[in-house]
Every structure is written in structure tokens, then in C-alpha cells.
Amino acid sequence: MKAQRLLLQALRKPEIVVGLPDSRMEDLMVVAERSRLTATLGHRLADAGILAALPGRVRRHFEAAMIEARFRSRLIRWEMNRVARALRPLDVTVVALKGAAYLLLDLPLARGRLPADLDILVRREDLSRVERRLTEAGWRSAELSEYDQRYYRRWMHEIPPLRHPQRYVEVDVHHALLPLTARLQADDELLWSSVREVSCSRFRVLAPEDLVLHAVVHLFHDSDCANRLRDLVDIDGLLRHFSARDRDFWHRLTERARAHGLERPLTYAFHVGRRLLHTPVPAEWLNPGRANPLLRRWMTALMCRALPPSAPDDLDLGAAAARWLLYLRSHYLRMPLNLLIPHLLRKALAGKRH
Amino acid sequence: MVLGVGPFQVRIRARIAALTGFLSRMYRDFPLHPPDSFADVRVRLYRPRSWRRYFQPQVCFERDGKRIFHPFPLSHAPPLFEWGLNWCIATRAHQYLMLHAAVLERGGRALILPATPGSGKSTLCAALMHRGWRLLSDEFGLVREDSRLDPLPRPIPLKNESIGVIRAFAPEAELGPEFPKTRKGTVAHVKPTGASVRRMEESAVPAWIVFPRFQRDARAVLEPVPASYAFLRLAYNAFNYEVLGAEGFRRVGRLIHRCRHFNFSYGRLEDAVEIFDSLASAS
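Those protein sequences? They're chains S and H, same order as listed. Residue numbering for the first sequence follows the working numbering, starting at 1 and increasing by one per position. Residue numbering for the second sequence follows the working numbering, starting at 1 and increasing by one per position.
Don't read these hints as lab results, they were simulated from the structure. Since we're looking at a predicted model, the values are computed, not measured. Any given hint could be a false lead.
[To be verified] Facing chain S, from chain H, some residues (calculated, C-beta under 8 Å):
#1 Asp36
#2 Ser37
#3 Phe38
#4 Ala39
#5 Asp40
#6 Asp64
#7 Gly65
#8 Lys66
#9 Arg67
#10 Ala93
#11 Glu242
#12 Val243
#13 Asn263
[As the list claims (entries may be wrong)] Ranges between beta-carbon positions, derived for each pair:
#14 Pro57(H) x Trp324(S): 44 to 54 Å
#15 Arg202(S) x Trp51(H): 49 to 59 Å
#16 Ala218(H) x Pro108(S): 14 to 24 Å
#17 Phe69(H) x Arg202(S): 33 to 43 Å
#18 Arg5(S) x Pro34(H): 20 to 30 Å
#19 Ala195(H) x Pro21(S): 51 to 61 Å
#20 Gly318(S) x Pro34(H): 27 to 37 Å
#21 Gln185(S) x Trp51(H): 43 to 53 Å
#22 Trp324(S) x Tyr236(H): 44 to 54 Å
#23 Pro48(H) x Pro108(S): 35 to 45 Å
#24 Gly253(H) x Gly56(S): 44 to 54 Å
#25 Thr20(H) x Arg5(S): 27 to 37 Å
#26 Asp316(S) x Pro48(H): 14 to 24 Å
#27 Glu174(H) x Gly318(S): 48 to 58 Å
C-beta atoms are modelled at their ideal positions from N, C-alpha and C, and glycine is treated no differently.
Just need the whole structure built from these sequences, with the hints factored in.
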């Protein structure tokens, strides 16, 4: 059996890890590391009460990864603290996105995640004030070519990343959930109107449905899915968490996707999540998008192929082809062709992918 | 092959003659485990496919199928392996508080020599290893939860003039080939002594923390320093003090409590050996 299937099985049912022969255990560790899921898996093993039953050598790996994940979370919390302090004089609403939001809400899926950046969202009209204030307080913008600067400013949904020279965490300031040029656009008014407060924090978070849709859009609309199992695990964790606490959640999520015009990516998320991680999506809610069933099946198959990490020596041409197709798709969805083609040419000539 | 190095089992895959020769010489006494054992660290060194292959061959270092570092000239595969392995350990082995220090043992008690630029740590460490001290590590003080130190004996990299110094000081030292023009100048490795390798499963109790400073022709002076000073210098010099959070603070604290701490400046290795001998023989 391939290593990535082993990882998927272990995520669904941690018990299978007990008693794995050494070489299989090593295969599992390699793909878990490659998809940055070691600490997540470690927490699942600990919750299932079987971490202590693993051989010491294996257990220590999971524990070390969990220590590192806690460290990363601390860094993000500290960066939030610093950003909150810097923005104190401004009367603007700041929304923590993704990993930062999961930490603020203390969601179970936050444990074991390895957040690298702090993502925040501000209203477009507040953007320049926020950026100026952060720069005054010491954050610096990464050095980018003029072209890249323009790329960010004109077409993207975030400004070039900021970093404080004394710290490691990058701060990404967004003013929309999707690139300005993208074919889908979430309804900003709707988003802002249901932003929630978090007790004892200057930051707000998106409503649960928007939290899910944001994660969904990132993976199934805005990425090539390559080795992004990590993001699917987030979506799966969010869906499980919110649906367990609110019987009406599937209904509200679907309604919300419709209001934003994001049914298509949500449909993919449901199908791929169910297939790979057994996300418990009830059958009656499986198809919010009413997409062409053939297309849906094909996209699901491609994404299921591209998402899991390949083992290092595995020359998986199917996965490579799926990733290439999804890479093209993500760019196609991101910008109109008259912008995209010159952009890709430029990137190809500069020898790097964006 | 799966090589046992201290607490770690390292899977090495490489078909590079210079590296194979280096490993079979410098790691001769280390245990080899069956290929289907569980490896903690999985590395591969390979020659990248590119046009350079034919007139300026290079070598890359990969962990878990992911390349780290820029390629090195092919002839530098052994130092690349050594640095790469350090990096693999420093970025993952958070079950330990990892001090950036040389550690040696005598009578079950460990001497910790934190690394700072200009300390001459590796030279001092190689010298002591050839004067009755057992090498725990030249690079990593692996501090366990119970404050004991786990050995990680590896070849000691000497730089530039230090190579000649050790050849003269300990003619019995077994040195590997010299690698000129690495990013740290010329590098040659000293093979750990037989006893250091044979006893690499034996942990040691921390006893002394000594911050060395090499000054040409200086008189050897061993000077006690306050615990607070030792704490800060040790903590800031660790690879993962921040990663461990509160536990890092506790481990450094316990270490400081259990040890005597000194600043040490010296100009001659003989003086250093003598002073550390008297330290070890005093109760």
C-alpha cells in the first residue's frame, strides 16, 4: 500500500498506527512530515490514548513535533499581541483569519497546526492606514521587484507581506478573501456584517460559515492542490467541529455559499473531504453547487489525486499530471486570460512560480 | 544503510564514492542497523541532473525527499553530510533541550563547553578527547528531561590552523581528509575515540559549565561566574530554547543548579588540559 494511503488511514483511524512494522512506520513518518501533519497526527494519537503505547523512538517524534507546533502557535499569538498594540490608536476592525482565528476560537484543529504567517483582514478603505501604522511600528515589507509590488497592489487581495525585523512571523494584510481579479468574489458586505467579537481580544473572527468558506475557497478555488492535504484536514476539522455543535449548520453553510456564489468550491470540498478523510457530510447536503455530475466527478478525482503528499521516490505521473492541470486551473480562475498570459510568461522567464 | 549515532538512527542513501569512503572511515566503530529498522533521520545525497554534472559536479542534500541547502561542490559531500545531519537534528529533536556546545565526560560527570565565536570549542574538545575525556558531542548538548546529557559522538570538524594544532598536540588523533575552500575555510574531521563510540549509550550527569575564550599566548584563567550570567549565556546559545517554551526555562534552570560555572580564557591547550584535570579530580 502506498504511504499516502497509510497517512489518510491514520488520520481517519489513528488506531491503525499501533503495531505497524518499523519500515511502514517510517514511511508514515516521511509522508506525515512532508505534509506537515506529524503534530496533528500526534494529537489524534494522544486523544485516542495510544501515543503512549507506541515504541519510544516513534513516540518521541510525535512529541517533538507537538512541541514545535505549540511553539509556532505561541509565535502567532505573540505577533497578534504586537499587531494589536501597534493598531491600538486606530479605530479599525481587524479580523484574524485562518490559523490565527482557529487559535483565538480555541478550535480543536488548532492543536498541531504549524502556522507560519499571521493573516489579518481589514476593510479596503482602512488598508493604507493600517499599513502605514504597522510600518511606523517597525514592520517592513519584503523586498520585491517593482513588478511584484504592482502585481500585489493591482491584482491581489493582500498587500506584500510585512515582517518585523526582530521576529520570524510574516504578517499578511488582506482586504478581500480572493484576488481582485478572480472569477469568484465573496460578498464583502455579507462577510463584514457577520464578523464576530472574541472575548478578551482586539481581533474579530469571521462567522463560522465564512470561516469554512474561506478555507474552502483557498484550497479548491485558489490553489493547485499540490501537497495541500494539510488544508483539507483544516476544512474537515472545521466541518466536524461546527456541525457537531449546530444541527442546522449544513443548511446554513450551504445557504451562505449560495449567497456568496461559492457553491462550486464547497461542492468539491464536500466530495474530496468525504472521500479522503471521511468528512461526515450528510448525503442531502452533498451537492450545493448542482454542478454537472461528470465535471464534478472528474474534478474530485483530480483533486483527490493531487492533494496527498507523494512519497519521495514515488514517480507518480498521475499525481503530477493532476497537479499540473489544477495549477493551470488555479491561475485561470485567478485572473482573466489577458492578464494571466503575460503574467505567466513573465514568471516563466524569471524562473519562478508564483 | 541505517547508522546508529547516539540516540538517533540515521538512514543514509548516497552513491558518492567520497562520502562512502569518509563514512566507512570516520564511522567505522558505529553500529549499523538492518535496513528495515525505523530511522529517525532520513537523508539522501545525490548529484543533481544538470549540465554542470560534467565539468563542475555538485552534490545536494535531501531530507525526507526535500532538498535543503544550496548544492555543494561534489568533493565537499562529507562536510555537507555532517552539516546536514546537524541541521536535521537541530530542527527536529525537541525531546531534548539542545545546547550548542561541546560536551565531554569524566568519571560520569559532564563538562559543557558552550560554543561562541572565538571560543576554540572544537579544538579544545578534540584535545580533551585525546587526554582521557570521553566525547559526548562536539556540537550538541542533548539535555534530557531528567537533566542528564545523552551522547552524540560524531567526527569533530576542525578549521584552518586548528588542524595543524591538533596534529601536533595529539599525533595519535585520527584525522580525515582535508576539505579546502568550504564556507568555513579548510575543514578536516577528527574521528571520535573508541571509548567515546563504545559508550555512546551511557548518559552523564552535568557537572561543569565552562565558557571558553581562546586568546593567543594568554595565561589560563578559570573564573567562577554568577548563576544568572551562566543561565543567560547558556539559554541564548541553545538551538531550541524558545521552541521548548517554559520547559526550556526549567531545563536550563535545573542545569545551572546542578553545575558549577566558569569563564575560562586560555592560550595553550596544555594549560587547559591541566585545569580541567584538576577540576575533574576535585570532588
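Check: What hints, given by number in increasing order, does this structure fail?
Finding: 9, 13, 14, 16, 19, 24
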